[in-house]
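Q: Chain by chain, the residues:
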Amino acid sequence: MNGREKAERLGKDRVLTAENIIHALVLIGFAIFMVFVIYGLDSVVPGIHDAFHDFRHSAGFLCH
Amino acid sequence: MHAVDLKRGISIGAYGGMVWGLVVLAVSAYLKFFAFDFTILHDIPIFMAGGAGMGLIVGAFMEVLGERLPFEGAVAKGIVLSVAIWLVFFIPGVFLHLIKPDRYTVEIPLHIQGLFLAMVLGMIIGGLWKKGRD
Ligand SMILES: [Zn+2]
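Sequences listed follow chains A and B, in order. Residue numbers for the first sequence follow the working numbering, beginning at 1 and rising by one. Residue numbers for the second sequence follow the working numbering, beginning at 1 and rising by one.
One thing to keep in mind: the hints can contain errors.
[Stated by the list, open to error] Chain B is faced by these chain A residues, among others (derived, beta-carbon under 8 Å):
#1 20
#2 30
#3 51
#4 53
#5 58
[As the list claims (entries may be wrong)] Quick list of simulated restraints, FRET-style, between CB atoms:
#6 64(A) <-> 73(B): 16 to 26 Å
#7 91(B) <-> 28(A): 16 to 26 Å
#8 18(A) <-> 41(B): 38 to 48 Å
#9 29(B) <-> 17(A): 38 to 48 Å
#10 101(B) <-> 22(A): 33 to 43 Å
#11 94(B) <-> 32(A): 35 to 45 Å
#12 42(B) <-> 21(A): 34 to 44 Å
#13 38(B) <-> 17(A): 18 to 28 Å
[As the list claims (entries may be wrong)] Listed below are the simulated EDC-like cross-link pairs for lysine to aspartate or glutamate, each with C-alpha atoms no more than 20 Å apart in a straight line:
#14 7(B) <-> 50(A)
#15 32(B) <-> 107(B)
#16 130(B) <-> 37(B)
#17 32(B) <-> 50(A)
#18 130(B) <-> 72(B)
#19 130(B) <-> 67(B)
#20 100(B) <-> 50(A)
#21 131(B) <-> 37(B)
#22 7(B) <-> 67(B)
Since the hints were derived computationally from the structure, they do not count as laboratory data. In this text the structure is predicted, and so the values were computed from the model without any measurement. Each residue gets a CB set at the ideal place from its N, CA and C atoms; glycine is no exception.
Just chain B, with the same shape it has in the complex:
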């Protein structure tokens, strides 16, 4: 048991999230499930900022809940938390879709891509976490 140090969780998460944002951009540009509004160059800072936001939240939960999770290893914990947080943001969208089907549309390949990328975010943050501990 160690003292909760949110700063560490937030920093590792934000840093890992920025790296993840670039992975998201690369994977999405490669798979081309939808047409980008902007050029890849324009999207680099956007994806890094969005990634940092997601990563920071995952990192903070790693810090606060990590030791209590019944999973072995930082990577497994990271994946579980990252997918859980992705779902927290995803599920309200499903309800919005049910209310306003024209405004919020379901696009299965993209949701699978996002879920897969959420796991990748957990791996990146878990990996950095492990490195930080050693």
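Next comes chain A alone, as it looks inside the complex:
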């Protein structure tokens, strides 16, 4: 395989399909969700902080 073919293969393998983009968005959504779970931010979405309180302590994150 020459360099160009290799680059093309890599390009093909790494292509961003529509499906991958949707899943990347799902992923970002969950990452934000976890920030709420772990850090509370009750002023933004009330309730999430308290609901996940036991989980946050159990998973070893800092809390009060």
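Position chain B with the ligand against the provided structure of chain A, taking the given hints into account.
A: Chain B with the ligand in isolation, oriented as in the chain A frame:
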């Protein structure tokens, strides 16, 4: 080299994370380093949801970075990624503690428990990953 399939990473991660959430609940209820706010029954869906969130992120990184990591085997890769992601969420808390010591307190036994459980999450996801490949 295979095409990146985030769906697979996310599904394995979310599934493994839900199982992990139950492990977290069991270990935490057993070790009793702190008093739960809620009953164990009430906490089951909460821990599964929180676990799914963590697992999904680990699974996605396994999918995207897994082949590039200089570690042998899905379990080792899972543990490294899981601990790394746990640290990404943990370290800002340390800074918050330095700024607001009353609001964010350091509780060493719980942080050790969490770090240990992060390794367990990596083992679960790595194990499922290996099974999915066979
Ligand atoms: Zn707390």
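Q: All hints are to be evaluated individually against the structure, with a verdict given for each.
A: Verification of the hints:
The beta carbon of residue 20(A) comes within 5 Å of a beta carbon in chain B, closer than 8 Å, and the hint placing it at the interface holds. Hint status for residue 30(A): holds, given a least beta-carbon distance of 5 Å to chain B, under 8 Å. A distance limit of 8 Å between C-beta atoms decides the matter here; for residue 51(A) the minimum to chain B is near 6 Å, and the interface restraint holds. The interface hint given for residue 53(A) is met, as the beta carbon of that residue sits about 5 Å from the closest beta carbon of chain B, less than 8 Å.
Because the closest C-beta pair between residue 58(A) and chain B is about 4 Å apart, less than 8 Å, the hint holds. Roughly 39 Å separates the CB atoms of residue 64(A) and residue 73(B), a value that falls outside the hinted 16 to 26 Å. Range check, residue 91(B) to residue 28(A): about 20 Å between beta-carbon atoms, so the 16 to 26 Å window is met. Distance hint check: the CB atoms of residue 18(A) and residue 41(B) are about 41 Å apart, consistent with the given range 38 to 48 Å.
At about 42 Å, the beta-carbon gap between residue 29(B) and residue 17(A) stays in the expected band of 38 to 48 Å. For residue 101(B) paired with residue 22(A), a C-beta distance near 42 Å keeps the hint of 33 to 43 Å intact. The beta-carbon spacing between residue 94(B) and residue 32(A), approximately 21 Å, falls outside the hinted interval of 35 to 45 Å. With their beta carbons about 36 Å apart, residue 42(B) and residue 21(A) fall inside the hinted range of 34 to 44 Å.
Take residue 38(B) and residue 17(A): their Cβ atoms lie about 41 Å apart, and the range 18 to 28 Å is violated. Taking the CA atoms of residue 7(B) and residue 50(A), the gap is near 30 Å; set against the 20 Å cutoff, the hint is violated. At most 20 Å may separate the alpha-carbon atoms for a hinted pair to count; residue 32(B) and residue 107(B) meet this at roughly 13 Å. For the hint pairing residue 130(B) with residue 37(B), the CA-to-CA distance comes to about 37 Å; that exceeds 20 Å, so the pair is violated.
Note on residue 32(B) and residue 50(A): the hinted pairing holds, with a Cα-Cα distance of about 19 Å set against a maximum of 20 Å. Between the alpha carbons of residue 130(B) and residue 72(B) the distance comes to roughly 12 Å, so the proposed pair stays at or under 20 Å and holds. Between the alpha carbons of residue 130(B) and residue 67(B) the distance comes to roughly 13 Å, so the proposed pair stays at or under 20 Å and holds. At most 20 Å may separate the alpha-carbon atoms for a hinted pair to count; residue 100(B) and residue 50(A) meet this at roughly 19 Å.
A hinted pair counts as satisfied when its Cα atoms are at most 20 Å apart, and residue 131(B) with residue 37(B) does not qualify at roughly 37 Å. Restraint check: the Cα-Cα separation between residue 7(B) and residue 67(B) comes to about 16 Å, which is no more than 20 Å; the hinted pair holds.
Hint violations for this structure: numbers 6, 11, 13, 14, 16, 21, all remaining hints satisfied.
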